[in-house]
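Q: Residue strings, one per chain:
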Amino acid sequence: MRRLARIALVMALVAVGGVVLLPGAHADDAEAVLERARNATVREDFSGVVQIEWRRDGEWYTAKAPVTGTGGTVQVGEGTRKAEGRGDERWIAGVSGWQAGWDEPVRGDVPSPSTHWDLTLGKADPIAGRSVVVVTATDPDTGVDRLRVYCDKDTGVMLRREVLDRDGRVVRAVGFVDVKKLGGSRAAAPAVPVTGKAKTKSGEKVDPTPNEVRDLPDGFDAPAKVAGGYVLAGRYLRDDDIVQLYYSDGLFGISVFQQAGDLDWNGLPKGGNGVEVDGADGRGYAVAGGTVLVWDRDDVTRTVVSDATVADLRAFARAFDDRTADSPGLVEQITDFVLGPFGWR
Amino acid sequence: MNHEPTMHDEEMLSAYLDGECTDVESAWVEEQLAASAEMRAVLDDVRAARDAVRAAPLRDAPAEFWERLLATGPEGAEPVAGDPGDGSDGSPALVAVGGGAPVDLGEARRRRQRRPNRWVAAVAGVAAALVIGAVLFVPQEESVTPPIATLTDAHAVRSSLQDDAVSALVPLAVRGGFGR
Chain W
1 MRRLARIALV MALVAVGGVV LLPGAHADDA EAVLERARNA TVREDFSGVV
51 QIEWRRDGEW YTAKAPVTGT GGTVQVGEGT RKAEGRGDER WIAGVSGWQA
101 GWDEPVRGDV PSPSTHWDLT LGKADPIAGR SVVVVTATDP DTGVDRLRVY
151 CDKDTGVMLR REVLDRDGRV VRAVGFVDVK KLGGSRAAAP AVPVTGKAKT
201 KSGEKVDPTP NEVRDLPDGF DAPAKVAGGY VLAGRYLRDD DIVQLYYSDG
251 LFGISVFQQA GDLDWNGLPK GGNGVEVDGA DGRGYAVAGG TVLVWDRDDV
301 TRTVVSDATV ADLRAFARAF DDRTADSPGL VEQITDFVLG PFGWR
Chain L
1 MNHEPTMHDE EMLSAYLDGE CTDVESAWVE EQLAASAEMR AVLDDVRAAR
51 DAVRAAPLRD APAEFWERLL ATGPEGAEPV AGDPGDGSDG SPALVAVGGG
101 APVDLGEARR RRQRRPNRWV AAVAGVAAAL VIGAVLFVPQ EESVTPPIAT
151 LTDAHAVRSS LQDDAVSALV PLAVRGGFGR
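Chains as they are written, first to last, in my numbering: chain W, 1 to 345; chain L, 1 to 180.
A portion of the hints provided could be inaccurate.
Under 7 Å between C-beta atoms, here's a sample of chain L residues computed to sit facing chain W [claimed, not checked]:
1) GLU20
2) CYS21
3) VAL24
4) THR145
5) HIS155
6) ARG158
7) LEU172
These aren't lab readings, by the way, just hints derived from the structure by calculation. We treat Cβ as the ideally placed atom computed from N, Cα and C, and that holds for glycine.
Please construct the entire structure, taking both the sequences and the accompanying hints into account.
A: What follows is the structure, encoded as structure tokens:
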């Protein structure tokens, strides 16, 4: 009888332990699936068609592009709109030919997705005829799903990524709508594109590849962390003197571009919506390339780009401004006082 | 009649402003004011000085002030009685300061009247220099137009290095959706 009691106790402990540990094991599994998906397109050859879907002002927009993966080289698009990636190098093709888009290793690390998100692994319907598993990222504060990543069961290649708003509705997605080849035998990588430098409107040649920098020019800040779980993963200076910061929370990447000067509203693309950023006027766009938010504060124009929602970008922008805000110096106050009446500041 | 104002006239004008003149004195002042631009200018000065003094905050003098004042002499500054230069006859009024040499009050008043002009000119000069310096040397903030389509591409490139390369790069291969 005492032996039976001991067995029952052990079984109860195992059961309790299992219940407690199961979510953790799921999160680890989900994170492993995401990590595997990051590198799968380098390991596997593939070809097919990918579609981007995005929602703007209540309407859905779509765009498609052919994609191939050969010997570790990813190619997207065709004709004069295409891009290519291999290792740490990226190339972009336009009407004037290929340009280098990136040519150096990335040093900054991104945080683990589970640091900021609750991750779960589950089943889902096949995508483009392929069996998949789905990783769902849930906001631990609200319990709302904010991202779903569907990965091929066999190869681990990511087949679809869905971004959901704060109400749990899909507002953006990118994924395969046709898979011609996935996995199997591998082919040799194609030749590296022959590149030239881009030209500005004035004809000046510029290098589109940003340079990683340790120190930023005066007037620009790069907080190491921004509220919402975002960690600075890189700071760069472009040839056009625009500073680029790259933040990530493990699932969403956000680029912050900063330029000295007030925003010239007349130069912005048409469309978009007026957006308030912590008291400052801004403009938001939802386009194929992601969500864009532009505003100016303290004589610096900021543009943030991400595939996160406008609401999330606004929250990020507010937190970023809070981290970089400082009171004007004495000279600036005197200058404002003297020039203010003339409307020069 | 163009009467050259004297210290006595200033005192009379001050009393006139304060309503302390008799009817006869008031009539005389008003007659002088009607006839003399100088008297009207002095009246303006006296009124301005009176207003400025009334507007000034009250402060206690430091203790050493009274010691220094007493040390200058028992009378401070007083008119020299019976002196031909007391101004009563229209000649320059003279006073002895601290027991020293007499001072021409007319000349002193003219200097006092000239002094504000010099200050105004100096302040105006400094203000003009500040404005010119600000225009020449303080860099004016220029408006900038972010190349949004280019920046969107730059984000896609950077994002593709640490996220899934296919989903990050595909936006580079499709029409962006920006209008012009």
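Q: All hints are to be evaluated individually against the structure, with a verdict given for each.
A: Structure-based check of each hint:
1. At a threshold of 7 Å, the smallest CB-CB gap from L/GLU20 to chain W is about 44 Å, leaving the interface hint violated.
2. The closest approach between the C-beta of L/CYS21 and any C-beta of chain W is roughly 45 Å, which is over the 7 Å cut-off, so the hint fails.
3. Look at L/VAL24: its Cβ only gets to about 52 Å from chain W, farther than 7 Å, so that hint breaks.
4. A distance limit of 7 Å between C-beta atoms decides the matter here; for L/THR145 the minimum to chain W is near 3 Å, and the interface restraint holds.
5. Residue-level restraint check for L/HIS155 holds (minimum Cβ-Cβ distance to chain W is 4 Å; threshold 7 Å).
6. Nearest Cβ of chain W to the Cβ of L/ARG158: about 5 Å, under the 7 Å cut. The hint holds.
7. Nearest Cβ of chain W to the Cβ of L/LEU172: about 4 Å, under the 7 Å cut. The hint holds.
In this structure, the hints that do not hold are numbers 1, 2, 3, in rising order.
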